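As given, the protein sequences belong to chains H and C, one line each in that order. For the first sequence, the residue numbers in the UniProt record's numbering are 1 to 593. For the second sequence, the residue numbers in the UniProt record's numbering are 1 to 593.
Just so you know, not all the hints are guaranteed correct.
Treat identical chains as interchangeable: a pair holds within one or across any two.
As the list claims (entries may be wrong) - Below are the DSS-like pairs computed for lysine-lysine, each with C-alpha atoms no more than 30 angstroms apart in a straight line: (1) LYS508 - LYS333; (2) LYS320 - LYS50; (3) LYS320 - LYS504; (4) LYS504 - LYS546; (5) LYS508 - LYS66; (6) LYS66 - LYS282; (7) LYS255 - LYS36; (8) LYS26 - LYS467; (9) LYS16 - LYS546; (10) LYS26 - LYS271.
For the record, the hints were derived by calculation from the structure and aren't laboratory data. On a predicted model such as this, the values are computed, not experimentally measured, just so you know.
For reference, the chains in residue letters:
Protein chains: 2
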Amino acid sequence: MGHFKINSKDVMFILKEQLQYGRLCKLDRYSDQNEKVLDLLVKEAIEFAKGVLDPLNEVGETEGLKFENNQVKCPPGFKEAFKKYGEDGWTAAARDLEHGGQGFPHMMRIVINDFMYGACQSFNMAPSLTHGAAHLIESFGTKALIDTYVPKMFDGTWAGTMCLTEPNAGSNLAALETTAYPEGDHYKIKGTKIFISWGEHDLADNIVHLVLARIDGEPEGVRGISLFVVPKMRVNADGSVGEPNDVVCTGIEEKLGLHASPTAALSFGAKDGCIGYLCGEKNKGLAHMFQMMNAARINTGVSGMAMASTAYLNALAYVKDRIQGRDIAGRQKGEVAIIHHPDVRRMLLWMKANVDGMRSMIYTGAFWSDLALELPEGEERGHYENLTDFMTPIIKAYCSDLGFRVCEIAMQCLGGYGYCRDYPIEQYLRDAKIMSLYEGTNGIQSTDLMGRKMTIRDGACVKAFQKEIEGFCEAHREHPELGDRIRALYGVVQRLLEVSEDMKQRQKSDPLQWASYTYPALLAYGEVIMCWRLLDMAVIAAETLKKKKSDFYQGKVFQATYYVDTTLPHTLATLESCLRPGREVMDIPDGAF
Amino acid sequence: MGHFKINSKDVMFILKEQLQYGRLCKLDRYSDQNEKVLDLLVKEAIEFAKGVLDPLNEVGETEGLKFENNQVKCPPGFKEAFKKYGEDGWTAAARDLEHGGQGFPHMMRIVINDFMYGACQSFNMAPSLTHGAAHLIESFGTKALIDTYVPKMFDGTWAGTMCLTEPNAGSNLAALETTAYPEGDHYKIKGTKIFISWGEHDLADNIVHLVLARIDGEPEGVRGISLFVVPKMRVNADGSVGEPNDVVCTGIEEKLGLHASPTAALSFGAKDGCIGYLCGEKNKGLAHMFQMMNAARINTGVSGMAMASTAYLNALAYVKDRIQGRDIAGRQKGEVAIIHHPDVRRMLLWMKANVDGMRSMIYTGAFWSDLALELPEGEERGHYENLTDFMTPIIKAYCSDLGFRVCEIAMQCLGGYGYCRDYPIEQYLRDAKIMSLYEGTNGIQSTDLMGRKMTIRDGACVKAFQKEIEGFCEAHREHPELGDRIRALYGVVQRLLEVSEDMKQRQKSDPLQWASYTYPALLAYGEVIMCWRLLDMAVIAAETLKKKKSDFYQGKVFQATYYVDTTLPHTLATLESCLRPGREVMDIPDGAF
Numbered sequence: 001m002g003h004f005k006i007n008s009k010d011v012m013f014i015l016k017e018q019l020q021y022g023r024l025c026k027l028d029r030y031s032d033q034n035e036k037v038l039d040l041l042v043k044e045a046i047e048f049a050k051g052v053l054d055p056l057n058e059v060g061e062t063e064g065l066k067f068e069n070n071q072v073k074c075p076p077g078f079k080e081a082f083k084k085y086g087e088d089g090w091t092a093a094a095r096d097l098e099h100g101g102q103g104f105p106h107m108m109r110i111v112i113n114d115f116m117y118g119a120c121q122s123f124n125m126a127p128s129l130t131h132g133a134a135h136l137i138e139s140f141g142t143k144a145l146i147d148t149y150v151p152k153m154f155d156g157t158w159a160g161t162m163c164l165t166e167p168n169a170g171s172n173l174a175a176l177e178t179t180a181y182p183e184g185d186h187y188k189i190k191g192t193k194i195f196i197s198w199g200e201h202d203l204a205d206n207i208v209h210l211v212l213a214r215i216d217g218e219p220e221g222v223r224g225i226s227l228f229v230v231p232k233m234r235v236n237a238d239g240s241v242g243e244p245n246d247v248v249c250t251g252i253e254e255k256l257g258l259h260a261s262p263t264a265a266l267s268f269g270a271k272d273g274c275i276g277y278l279c280g281e282k283n284k285g286l287a288h289m290f291q292m293m294n295a296a297r298i299n300t301g302v303s304g305m306a307m308a309s310t311a312y313l314n315a316l317a318y319v320k321d322r323i324q325g326r327d328i329a330g331r332q333k334g335e336v337a338i339i340h341h342p343d344v345r346r347m348l349l350w351m352k353a354n355v356d357g358m359r360s361m362i363y364t365g366a367f368w369s370d371l372a373l374e375l376p377e378g379e380e381r382g383h384y385e386n387l388t389d390f391m392t393p394i395i396k397a398y399c400s401d402l403g404f405r406v407c408e409i410a411m412q413c414l415g416g417y418g419y420c421r422d423y424p425i426e427q428y429l430r431d432a433k434i435m436s437l438y439e440g441t442n443g444i445q446s447t448d449l450m451g452r453k454m455t456i457r458d459g460a461c462v463k464a465f466q467k468e469i470e471g472f473c474e475a476h477r478e479h480p481e482l483g484d485r486i487r488a489l490y491g492v493v494q495r496l497l498e499v500s501e502d503m504k505q506r507q508k509s510d511p512l513q514w515a516s517y518t519y520p521a522l523l524a525y526g527e528v529i530m531c532w533r534l535l536d537m538a539v540i541a542a543e544t545l546k547k548k549k550s551d552f553y554q555g556k557v558f559q560a561t562y563y564v565d566t567t568l569p570h571t572l573a574t575l576e577s578c579l580r581p582g583r584e585v586m587d588i589p590d591g592a593f
Numbered sequence: 001m002g003h004f005k006i007n008s009k010d011v012m013f014i015l016k017e018q019l020q021y022g023r024l025c026k027l028d029r030y031s032d033q034n035e036k037v038l039d040l041l042v043k044e045a046i047e048f049a050k051g052v053l054d055p056l057n058e059v060g061e062t063e064g065l066k067f068e069n070n071q072v073k074c075p076p077g078f079k080e081a082f083k084k085y086g087e088d089g090w091t092a093a094a095r096d097l098e099h100g101g102q103g104f105p106h107m108m109r110i111v112i113n114d115f116m117y118g119a120c121q122s123f124n125m126a127p128s129l130t131h132g133a134a135h136l137i138e139s140f141g142t143k144a145l146i147d148t149y150v151p152k153m154f155d156g157t158w159a160g161t162m163c164l165t166e167p168n169a170g171s172n173l174a175a176l177e178t179t180a181y182p183e184g185d186h187y188k189i190k191g192t193k194i195f196i197s198w199g200e201h202d203l204a205d206n207i208v209h210l211v212l213a214r215i216d217g218e219p220e221g222v223r224g225i226s227l228f229v230v231p232k233m234r235v236n237a238d239g240s241v242g243e244p245n246d247v248v249c250t251g252i253e254e255k256l257g258l259h260a261s262p263t264a265a266l267s268f269g270a271k272d273g274c275i276g277y278l279c280g281e282k283n284k285g286l287a288h289m290f291q292m293m294n295a296a297r298i299n300t301g302v303s304g305m306a307m308a309s310t311a312y313l314n315a316l317a318y319v320k321d322r323i324q325g326r327d328i329a330g331r332q333k334g335e336v337a338i339i340h341h342p343d344v345r346r347m348l349l350w351m352k353a354n355v356d357g358m359r360s361m362i363y364t365g366a367f368w369s370d371l372a373l374e375l376p377e378g379e380e381r382g383h384y385e386n387l388t389d390f391m392t393p394i395i396k397a398y399c400s401d402l403g404f405r406v407c408e409i410a411m412q413c414l415g416g417y418g419y420c421r422d423y424p425i426e427q428y429l430r431d432a433k434i435m436s437l438y439e440g441t442n443g444i445q446s447t448d449l450m451g452r453k454m455t456i457r458d459g460a461c462v463k464a465f466q467k468e469i470e471g472f473c474e475a476h477r478e479h480p481e482l483g484d485r486i487r488a489l490y491g492v493v494q495r496l497l498e499v500s501e502d503m504k505q506r507q508k509s510d511p512l513q514w515a516s517y518t519y520p521a522l523l524a525y526g527e528v529i530m531c532w533r534l535l536d537m538a539v540i541a542a543e544t545l546k547k548k549k550s551d552f553y554q555g556k557v558f559q560a561t562y563y564v565d566t567t568l569p570h571t572l573a574t575l576e577s578c579l580r581p582g583r584e585v586m587d588i589p590d591g592a593f
């Protein structure tokens, strides 16, 4: 029985009316594509998510994973789905044709993931990680590495992972201890990695680990980290799978959720038999890995949004059906569906606005990212690179925290039933919780945003953001219906930029105080972006409403005015707190906690 | 292995320095008690929670419940603990000596539950429901009913439940269909109840269900509901357990959490063999049941706070131990414990303030409730009755939502480890989620607060609240250190009262719009009460700090100034939203969701 729900009208509105994503087809790389092809891709991705992935979500939860003899057995159907996912071209949809990709715009990988994560978060991590790992080899590996690994990873024959964390190196990768010892054209790898998503499983004949390690004798800290390709099974000269490569799964975690996604502890080279291949430049491993990490961060935001979306729509379906209580205003006789109760509608509208705003935020970021990758070198491309860098920590942290919150409110709509396993929301809630924790905790995202992203390239990232959001506000400040909200947004943006400048100074003068307020500041950025995207959609919808009456377009206007009015005053309140001189967070003695 | 943690200094500060709970001993009912006896009770309750209940929390989660042949088998240790809980006097600690109680102040039941729920929420629901059910019989039953049931329930021989919900009567009890047919001195009961916590189990020889049902032929709606005592096993004339009473458990729910607390569906009288006894007046069943429901609502807030408390302290222990990353200000060399990272401290201080504020809010409410029950009839007693009525929905809803939020932030402090079952926080998070849903969803609490509680007795409840909080603000408005915050609180309280008055009018003129903003208004009440209680503690602590340096007292001041400064601006923002004319929540067409 499937639970995944998606409102494809909302999706297509953002893609076509708000972003006009067909514009991407004017870029050289997509010159043989057109909007119709992209529309078809979206339609087919939704069908795949519903038909293939959605049924896995429940079986994954009920059957779970079996760990025996250092091997992980996945729930029924997962192996077949993984193969089909690759074969049907979803894994490499946005990769170049050269190594087996489909050549679609980069942003389509995000759009596809919206549905795939929404249908089965546990499963979709496997092809998503495989894609990221293969793309890393494609970007930085030698031709031999590419030829050996990439096509098989793209087509679902082999899987891939990202191996960063160690028992004593989580948030702080500088401390990692896994070591690579040179040996001929390759290295011997020795070390332990933990929290490796899909680090061991039976979906594919081989698992290609992308491993951060320090070459023996290289500098301490992040300056001495290199990237290695370390297959679970060695690969024969003819490309077939050979002997085991001394990569042993020593256990998998018992977790709150994601019960069908193995979180593995891996031992590399315990018997001195683990071979790895340098990928990219020596000691540039962390820089290389950031390609995959940044994609993973965006995808974390996508997951949070996607689970919020299906949770909201499941709650919506429930409240339309559930009969309970009388109409408070006596508009109908007898018992009514609870969608008519104002407090239930309040939760629905709040969820709708948040899901639509997050989706627009993420798709907009993905659209910019395509421009950053595919525009010719120059100022315009640089502008979109800056935007992409800026949006990454916001999308990751804001959409993960908010996605969890939406799942919580969706559960609330069901009353006591929401707490029961008969409904899918409790699983969404559990699965969604990981998003704020992995791929760099949300606290770390906030120091990235308010630190590095505010200062690199002389503040060009935040300037690019300012240009975009102010451009919107200026273009529509006199809008007859929405102008007051747009001017209000403009005002809050000005305050946000002042606070950001102040915090930039404070980062130098008083880093402890600065770091006590980076997370609230990130939330403020998230909220103004949500207001912006929702108002942008409302401006478009209002134009259509001049011509015809439409519930759908009316909903876009209502969600924007409701969200903006009830959010911006809180954003201002948050910003004031960022500037307060109080130093309680740092001054409170440890013994007082 | 136990996980329960409690900071008894925080507990005793509220009891002794803030509330001076020894004052209760001046009341007639407690004339043979003194503060030392109460202190000892607190100490012993903590020991019992740690020694007996805490070990059950993990075994309850891992072993869970077995349902076979309509019977529920509980995890190892539960039966023995239930018996000991009753025998040692915890179930009936606050009940009169007459029927086997210990005669302690009513509020001590809340204080005891703080620890017991914190140690094992699943388990403690059993004696807590037993207490509530027995007290209901004690309050409204005949002497025969009392003599037969109450002493055995108080001493842990038998258990009790509260049977309200039916498949089509959850939030709306008016729709209930369970029927009682008169037969001699008793009734035949026929019907189905669902979501009955501890509705079936093997902890005791008998389970005494307190059942709402409609006597055949009595009016529809709540005016025709009566209360019945319906034992699982009939009771022989000599008080021993007799034949089964045709109460059959047809299933238990699979839930997000509380895996050791059976949530049962019960069938009464399927074979026409279920006997029940009227408890209290015919057709007054709902009014009688409110005694137990109100206690359950308060206890729901207690549970939320208690789980938040142990989650916070578990996170605190983790961040003191976990070494990761360098000090951002270079105060120490090498890697440091993560308690030194500002964003971690921000989360700790936020949790500390919220846990301490909730505990103070709840204990204060419980203290008032004791005065409402034990003062001689008159104006003063009426004042505390009004306060008790007013606080009940706030404590239930605010502390349940916030308790869950604290568990979420506690998990965040552990990074990826927080998501793993190796640590207790993921269980606290799951267990805590039910609090916003059961005993009346938080949305329903908000309409109770902003509707009934604002209007009954000509608004006396909110006037009593106003008198208390304004009294505090006026007494301390010139406080040298805290005066500015206290004046700020006073200002927000004025705005809150204006908004409440406005909403009271709107409830009549535009109930739909009114009901779209009752939940935000409840949150605003919760926040000002938190500010008040935290500032009250800070005023006391500041006095002590004049005499001696103390981390503990300094923490009370810091948590108050931080909380108030970062909360009141948001409270104002929420209040403005409550008055906005926008009608999006009601005007959005259903088809736009």
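For which of the previously enumerated hints does the structure constitute a violation, in increasing order of number?
4, 5, 6, 7 and 10
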